[in-house]
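K.L.:
Each chain, letter by letter, is given below.
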Amino acid sequence: MDLLIILASGVATGTVLLYATVGEAFAERSGILNLGVEGMMLIGAMAAYKTAAATGNAWLGLLVAMLAAGLISQVHAFITITLQADQVISGLALNFLATGISLVLGEGLTSLRDVVPQLPKFTIPGLAQIPWLGRVFFDNQSILVYAGFLFIPLAWYYINRTRPGLHLRAVGEYPAAADTLGIHVYFLRYFYVFVGGTLAGLAGATISLSISPGWFGALTTAGQGWIAVGLVIFAQWNPIRAAFGAYTFGALRRLVLDIQAPVLIFGLANPFYSNLNYAFFLKMLPYIFTVVFLVIGSREANRKRIGSPAALGLPYIRGQRGL
Amino acid sequence: MDQEITPPGIENVISMRGISKRFPGVIANDQVDFDLRRGEVHALLGENGAGKSTLMNVLAGLYRAEGGTITVHGKVANFNSPKESIDAGIGMVHQHFMLVPSQSVTENILLGLEEPRFRMKLSEFDKKIETIAEQFGLHVDPEAKIWQLSVGEQQRVEILKMLYRGADVLIMDEPTAVLAPSEIEELFNTLRSMTDQGKSIVFISHKLHEVMEISDRVTVLQKGRVTSSGINTSDVTRADLAHLMVGREVVFRVQKNEVQAGDLVLSVENLKAMNDKGLQSLNGVSLNVRQGEIVGLAGVAGNGQNELAETLVGLREAIEGKITVNEKEVTNKPVKLGIRHGISLIPADRTQVGTAPNLSVTDNVIMKNYDQKPIGQGWMVNSSEAGKYASELKEAYDIIVPTIDTSVRLLSGGNLQKVILAREISSEPKLMIAVQPTRGLDVGAIEGVQKLLLSQRESGAAILLISEELEELLSLSDRIYVIYEGEIMGEIADGDIEKIGQMMTGTRLEQIGKEGVGSNG
Numbered sequence: 001m002d003l004l005i006i007l008a009s010g011v012a013t014g015t016v017l018l019y020a021t022v023g024e025a026f027a028e029r030s031g032i033l034n035l036g037v038e039g040m041m042l043i044g045a046m047a048a049y050k051t052a053a054a055t056g057n058a059w060l061g062l063l064v065a066m067l068a069a070g071l072i073s074q075v076h077a078f079i080t081i082t083l084q085a086d087q088v089i090s091g092l093a094l095n096f097l098a099t100g101i102s103l104v105l106g107e108g109l110t111s112l113r114d115v116v117p118q119l120p121k122f123t124i125p126g127l128a129q130i131p132w133l134g135r136v137f138f139d140n141q142s143i144l145v146y147a148g149f150l151f152i153p154l155a156w157y158y159i160n161r162t163r164p165g166l167h168l169r170a171v172g173e174y175p176a177a178a179d180t181l182g183i184h185v186y187f188l189r190y191f192y193v194f195v196g197g198t199l200a201g202l203a204g205a206t207i208s209l210s211i212s213p214g215w216f217g218a219l220t221t222a223g224q225g226w227i228a229v230g231l232v233i234f235a236q237w238n239p240i241r242a243a244f245g246a247y248t249f250g251a252l253r254r255l256v257l258d259i260q261a262p263v264l265i266f267g268l269a270n271p272f273y274s275n276l277n278y279a280f281f282l283k284m285l286p287y288i289f290t291v292v293f294l295v296i297g298s299r300e301a302n303r304k305r306i307g308s309p310a311a312l313g314l315p316y317i318r319g320q321r322g323l
Numbered sequence: 324m325d326q327e328i329t330p331p332g333i334e335n336v337i338s339m340r341g342i343s344k345r346f347p348g349v350i351a352n353d354q355v356d357f358d359l360r361r362g363e364v365h366a367l368l369g370e371n372g373a374g375k376s377t378l379m380n381v382l383a384g385l386y387r388a389e390g391g392t393i394t395v396h397g398k399v400a401n402f403n404s405p406k407e408s409i410d411a412g413i414g415m416v417h418q419h420f421m422l423v424p425s426q427s428v429t430e431n432i433l434l435g436l437e438e439p440r441f442r443m444k445l446s447e448f449d450k451k452i453e454t455i456a457e458q459f460g461l462h463v464d465p466e467a468k469i470w471q472l473s474v475g476e477q478q479r480v481e482i483l484k485m486l487y488r489g490a491d492v493l494i495m496d497e498p499t500a501v502l503a504p505s506e507i508e509e510l511f512n513t514l515r516s517m518t519d520q521g522k523s524i525v526f527i528s529h530k531l532h533e534v535m536e537i538s539d540r541v542t543v544l545q546k547g548r549v550t551s552s553g554i555n556t557s558d559v560t561r562a563d564l565a566h567l568m569v570g571r572e573v574v575f576r577v578q579k580n581e582v583q584a585g586d587l588v589l590s591v592e593n594l595k596a597m598n599d600k601g602l603q604s605l606n607g608v609s610l611n612v613r614q615g616e617i618v619g620l621a622g623v624a625g626n627g628q629n630e631l632a633e634t635l636v637g638l639r640e641a642i643e644g645k646i647t648v649n650e651k652e653v654t655n656k657p658v659k660l661g662i663r664h665g666i667s668l669i670p671a672d673r674t675q676v677g678t679a680p681n682l683s684v685t686d687n688v689i690m691k692n693y694d695q696k697p698i699g700q701g702w703m704v705n706s707s708e709a710g711k712y713a714s715e716l717k718e719a720y721d722i723i724v725p726t727i728d729t730s731v732r733l734l735s736g737g738n739l740q741k742v743i744l745a746r747e748i749s750s751e752p753k754l755m756i757a758v759q760p761t762r763g764l765d766v767g768a769i770e771g772v773q774k775l776l777l778s779q780r781e782s783g784a785a786i787l788l789i790s791e792e793l794e795e796l797l798s799l800s801d802r803i804y805v806i807y808e809g810e811i812m813g814e815i816a817d818g819d820i821e822k823i824g825q826m827m828t829g830t831r832l833e834q835i836g837k838e839g840v841g842s843n844g
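Which chain is which? The protein sequence lines are A and B, in order. Counting in our numbering, the first sequence runs from 1 upward without gaps. Counting in our numbering, the second sequence runs from 324 upward without gaps.
Accuracy of the hints is not assured; some may be wrong.
What the hints assert, rightly or not - Label-pair restraints from in silico Cβ distances:
no., chain 1, residue 1, chain 2, residue 2, range
1, B, I820, A, Y158, 49 to 55 Å
2, B, T674, A, T82, 26 to 32 Å
3, B, P439, A, T82, 28 to 34 Å
4, B, W470, A, V263, 54 to 60 Å
5, A, P153, B, P439, 36 to 42 Å
6, A, F78, B, N606, 48 to 54 Å
7, B, P697, A, I89, 41 to 47 Å
8, A, F78, B, E810, 31 to 37 Å
9, A, L83, B, R831, 51 to 57 Å
10, B, I333, A, F78, 51 to 57 Å
11, A, Y158, B, E794, 48 to 54 Å
12, A, Q84, B, P439, 29 to 35 Å
Keep in mind that the hints were calculated from the coordinates and are not lab data. The C-beta atom is built at its ideal place from N, Cα and C for all residues, glycine as well.
Only chain B is shown next, with the shape it has when bound in the complex:
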């Protein structure tokens, strides 16, 4: 019953046949087939919601499929729990790391194991873990607590955790999303050394260039179905994959017209602020943005980007420094004053900060002008005017929603972002601060958001684009600042990715080239 499509001589470690998984109202996987060979990196490509993670969660024992069979080394295995899957040699590294922050690396790795039985002699196990770490080039201090480690190091702990359990299949769910460019290179080296030693890797991603670089074969999912199964990466182009993934042609570089930068709009001098834990997370940031300019802010997540955005709009207190917008000082002024001066924020957190999830589309789009005519009339809100306004925006921004009275929590990520953009752009901002505006959106929606930002630039707005997607920053920005631990490492206008990468890991622009000879490739 198991039809064999593998060429002779190649061993299938895992084969999944006819996997179906349904969630209320959605078919996440519809009769999906997937094969994994020994010693390969097999990319699982697809847009958000295409069912990649669902399929792998079935393999990892987190979800149970309604239909289909899984065979591991030729034996039928349907897993009821993650533990059963791990016991069968399958380990998953989740997008959100499954590590206990207050515990050490070794403690995290030993979690849930039978050995040691009762008393834990940690030093003994520290050594064992170091041996495995060395074998695969995963450098990390076994005694360190997880919260002390960088995101890249934490990922290594996750991989080690699975290797320690004897996994020979490793599922990596969007592993590069949280990494700096140099860390991505290191991860890829680790993955290669693992496949050299006979391990097999499933690489879940929606980033085409990474799939092209690391994978041996690709399976593409679109809306829960396989559009292409196990093709050799070397036989396809990036454009082919994009087509398979979205189902239509995709323009990679958005059209960017020449715009002359105008007057200074935003000027930030020596800005300092605390984060939620009460630690200083902005250590003297200075930057400026002019009219008709998109200025990018690059950096690995958690280096003060969110705090900066919040401080600029007045949501967070600045303990030192000066923020000026169109020559008016707005430091530590009420948010509403900032809105009057034309500051607009597209927050990273769409569902908690960007919108009120239980309110309707109408209520969400009028949040900035509910108190102005014609919608606001004294202390009343004119609901027919509000409805009219919302309907206009729905048409103009192509928000796909049954009615404007629908709660926005029912909207997809892309549509939710359109609601936010509609509200922010229609307030005709002079300064727009966009934090991760395309994160988690699929290729089609990303294109739409990027076009809107560019059209704002052409109509003379100043835009500060805070993003962790280097590609997006490079294609949209006129200039790029790099932030590291709450400080600006430097400013780049020519899109030198090598230099940006070095600054993202803490080297100042002035220092690049001075120390490492030949580091400027």
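Chain A on its own, in the form it takes in the complex:
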């Protein structure tokens, strides 16, 4: 068990969570809760893989993945923004729809493993020589991992220090106020649900074209979309905290696998070695964390304390008092 390998692999798998979490944070900042992240990620993973298989171009696969997931997110946008339906129910429905579509269209992709191109992995010279950190962050990582490093501060800056970011926050906090100042509440909400969709698609493509290449049906994402929904609350809708959470969860996932291998840990018998019953509990951990965060986030009092967007989950109806 090599700690640096676990951490490096945590950064790689954490990148998937990073894109999905920040995408959902964008949508929620605008006031729309989209529980369909898992489904949108599957659409992305499938579309990326299928396109790459058909065209031989992984980059094209990435683009199609983002568009496809962005497109299907607009179903949720239409139902919740225009029709003003319940966001939780619509999100769950989107999840079923998107999962179903990706399983049907992904039929037969599993056997293509060896012929589908992947996105490049490379080592950044110089930075990789930094002791410890170099091996964790810059040694033979996917290009999407490096893109993630740039994405974190940009997303934070956009939300907190730019005019469009100010409008995004206003629309999710007090849409009526934004509306009176000529900000297009409905348009912006559609837009950021779309952004959330494309980032979920990117997250899916990150899996199928780079981090753990291939198409394995619903196991491709294995519930990471749900972990992302929980992480948004942990991250308090902040991309930098989201990155921290995503990399930590990524490392945990890898640790869970690695910890089952050695016979001895620190000279003691490894309780997880060859004992599947214990191992199941280990594998459950990320999902238990997710459930805990979702419970915390669903309590009104907690939501206020951790700074949840005030209008999150509420449809905006022009001319109605209050929010």
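Once you have looked at the hints, place chain B on chain A.
P.N.:
Same frame as chain A, but now just chain B:
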């Protein structure tokens, strides 16, 4: 086509002609004319539902009128959105502030503007905003987050927001409703300094004394029609305006008879409780109310009044302290026990707490005695008895409603309050806690509610009247407590408005006069 009725030499900034606006089942504005001159405060007076806010929402671009024209500086302009109206120099300060609580003052002011284009250098804009603020005497810290500000400060941000956008017409929708007396004075000073600098102000209100104090001219609306257009405030009396507003004579001071205060009914000692956010909002409240007494509780909204009322009736947990009603302790006892001891609550929120909106008048009035004979019979409710009871109350309290089976959500504010009062008074309470019993009601309905409270006092009930309307407290109460940040600042029996005002902003009674020399006018 635009008939000019303005005297020569005076410039009309805005003129609205024949404005009509309909809502399903109501004509909110019927052929309304309105002129605003440069540099004036023009009051728009009328009861609730008279169409004042509707008219101004048309001007602010929130509603579209079905008929009529608006001209701004002589040019015809019909606004399709608030933005178009703001671009034409018209800014509205809404009754519910349109501010994002989690954002700073500067961020709120910059919201929706083209400038800055992308990157926001907030410090640069903080300075710009400070300059404007100084020009009009609107003191507020640009870096502060909205949720950290008092209501008065938030209102200043709203005004600044409009001034920053270059508004030269400012519409103020009931601006004083949320302010303490000293803040009202400050607001009026700001308004005067704005008109001195050539801005024009529409002042929407139903409070006559404020209209008399601040406005240059008045337009009165009644049921969507203008009853008086642009008269000079100096030419009319308060009684004239009231008559124009309601259409009949109004008695300002209700008749209050001498009643000897009797035994102690409610005694509260060192009461502490949390608010919904989990912060302590009652920090040791002590007060008492006797038989045949109306005791007022004055204070700016959000200083613990609602929490106090809820804790007294058992809806909210007291973390410390003692509540006694007729010598029986009721602290943290079930609400139903309180009702047995004769506690009655008239909640501030009529539609969510006071009534069940989708239930009928009958169901709402029997909520306290549905389980007692003759209406309750074992586990059954005798619906013919219930109906009889409801019909009696409908007659006695003059509730205007098609049938007693009508859902109460269809009732007007005044009638809804009558339903609540009918239920509460007929339970013959020994202690009545009335929270904002006349808020949002029109002059006629206010009179009715106040008379009912006084008649309860005469029949020996103890009444705790929690209100933000100082005038109402002064005319009804025998004594007044003032609450500030969950603490009682003092008790006043002679209605000294100066002292009450100081206590409402956090000065203890003992400290008044000690610090500021000459503050006791």
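K.L.:
Given a hint of 26 to 32 Å, does the C-beta separation of T674 (chain B) and T82 (chain A) actually sit inside it?
P.N.:
holds (28 Å)
K.L.:
Honestly, do P439 (chain B) and T82 (chain A) meet the 28 to 34 Å range at C-beta?
P.N.:
holds (31 Å)
K.L.:
Taking the Cβ atom of L83 (chain A) and the Cβ atom of R831 (chain B), is their distance within the range 51 to 57 Å?
P.N.:
Check passed, 55 Å falls within 51 to 57 Å.
K.L.:
Between W470 (chain B) and V263 (chain A), does the beta-carbon spacing fit 54 to 60 Å?
P.N.:
holds (57 Å)
K.L.:
Holds or violated: the 49 to 55 Å window for the beta-carbon distance between I820 (chain B) and Y158 (chain A)?
P.N.:
holds (52 Å)
K.L.:
Is it true that the C-beta distance of Q84 (chain A) to P439 (chain B) lies inside 29 to 35 Å, as the hint says?
P.N.:
holds (33 Å)
K.L.:
That 31 to 37 Å hint for F78 (chain A) and E810 (chain B) (C-beta), does it hold up?
P.N.:
Check failed, 52 Å falls outside 31 to 37 Å.
K.L.:
Does the hinted range 36 to 42 Å hold for P153 (chain A) and P439 (chain B) at CB?
P.N.:
Given about 20 Å between the Cβ atoms, the range is violated.
K.L.:
48 to 54 Å was suggested as the range; check whether the CB atoms of Y158 (chain A) and E794 (chain B) agree with it.
P.N.:
holds (51 Å)
K.L.:
Determine whether the Cβ-Cβ distance between F78 (chain A) and N606 (chain B) falls within the hinted range of 48 to 54 Å.
P.N.:
holds (50 Å)
K.L.:
Just to be sure I understand the hint, the distance between the Cβ atoms of I333 (chain B) and F78 (chain A) should be within 51 to 57 Å; is that true here?
P.N.:
Holds - the Cβ-Cβ distance for I333 (chain B) and F78 (chain A), about 53 Å, lies within 51 to 57 Å.
K.L.:
For the range 41 to 47 Å, tell me whether the beta carbons of P697 (chain B) and I89 (chain A) fit it or not.
P.N.:
Holds, since P697 (chain B) and I89 (chain A) (Cβ atoms, about 45 Å apart) stay within the stated range.
In terms of the numbered hints stated before, the structure departs from hints 5, 8, listed from lowest to highest.
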